[in-house]
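**Q** So for the sequence shown, the UniProt record's numbering puts the first residue at 1; every next one is plus one.
By construction, these hints were calculated from the structure, which means they are not laboratory data.
A few of these clues could be false.
[What the hints assert, rightly or not] Straight line, CA to CA, 16 Å or less: simulated EDC-like cross-link-like pairs of lysine to aspartate or glutamate:
| # | residue 1 | residue 2 |
| --- | --- | --- |
| 1 | 144 | 167 |
| 2 | 69 | 53 |
| 3 | 69 | 50 |
[What the hints assert, rightly or not] Estimated spans, in silico, between C-beta atoms of each pair:
| # | residue 1 | residue 2 | range |
| --- | --- | --- | --- |
| 4 | 53 | 81 | 28 to 36 Å |
| 5 | 18 | 223 | 52 to 60 Å |
| 6 | 217 | 78 | 20 to 28 Å |
All C-beta atoms in this analysis are idealised placements derived from N, C-alpha and C, irrespective of residue type, glycine included.
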Amino acid sequence: MANRSVVLDTETTGMPVTDGHRIIEIGCVELMGRRLTGRHFHVYLQPDRESDEGAIGVHGITNEFLVGKPRFAEVADEFFEFIQGAQLIIHNAAFDVGFINNEFALMGQHDRADITQHCTILDTLMMARERHPGQRNSLDALCKRYGVDNSGRELHGALLDSEILADVYLTMTGGQTSLSLAGNASDGNGTGEGSGNQATEIRRLPADRKPARIIRASESDLAEHAARLEAIAKSAGAPALWTQLAEAQAAAN
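Put together the whole structure using the sequences plus the hints.
**A** Put into structure tokens, the structure is as follows:
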């Protein structure tokens, strides 16, 4: 489906996958046209092995908690249906994709054992490294950089992390790196006009809000925009970031 993305995260018994580690949690949220739809996929899984203590320290999911949870084979069809044909947005995609492929391979479903044949992949870690070379680009670091509230993230959790990553991705690709419109200069708290680029907390608008009026660009507007992008490309010796993002989005769809 065009413009459909799924922000995805997993938690595992440990790493690497080649040591027999398994997925114990999958969390996904759906985006349509850069908007959260409210649809999600979330499940805890029985891995038929114990988690490493180090992994439990990261995600807090104990072996006892997973007793009686479904195995991957029981949810595989529902999960595949949810992600099929979508652009998967994942932070450090090689990790999650490797584990997902392994789960399908263990079931003998080799037609699904390479999800890149059924979905496109956008790795936000690679994107962040290109935009912020030499800086920390963990999900927590990106939350701080882009002003995304992750105060509820004491431990890693697949669904929570996918929701946070969705906010980070939308902010990171929306051409706005700080939200400094809240407050005013008289507040005395550094959030007003002229106070710099202190990011404010992202607040989601109600899903039932009245849609804003859409004013579409005229032919002359589009021509001026194209001319401006061409001038930027000539000056910089490379396509403008706007052009690069548009081409990447078109290729993904």
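**Q** Confirm or reject each hint.
**A** Status of the hints after comparison with the structure:
no., hint, in the structure
1, 144 x 167, "holds, 12 Å"
2, 69 x 53, "violated, 20 Å"
3, 69 x 50, "holds, 14 Å"
4, 53 x 81: 28 to 36 Å, "holds, 35 Å"
5, 18 x 223: 52 to 60 Å, "holds, 54 Å"
6, 217 x 78: 20 to 28 Å, "violated, 41 Å"
The earlier numbered hints that this structure contradicts are 2 and 6.
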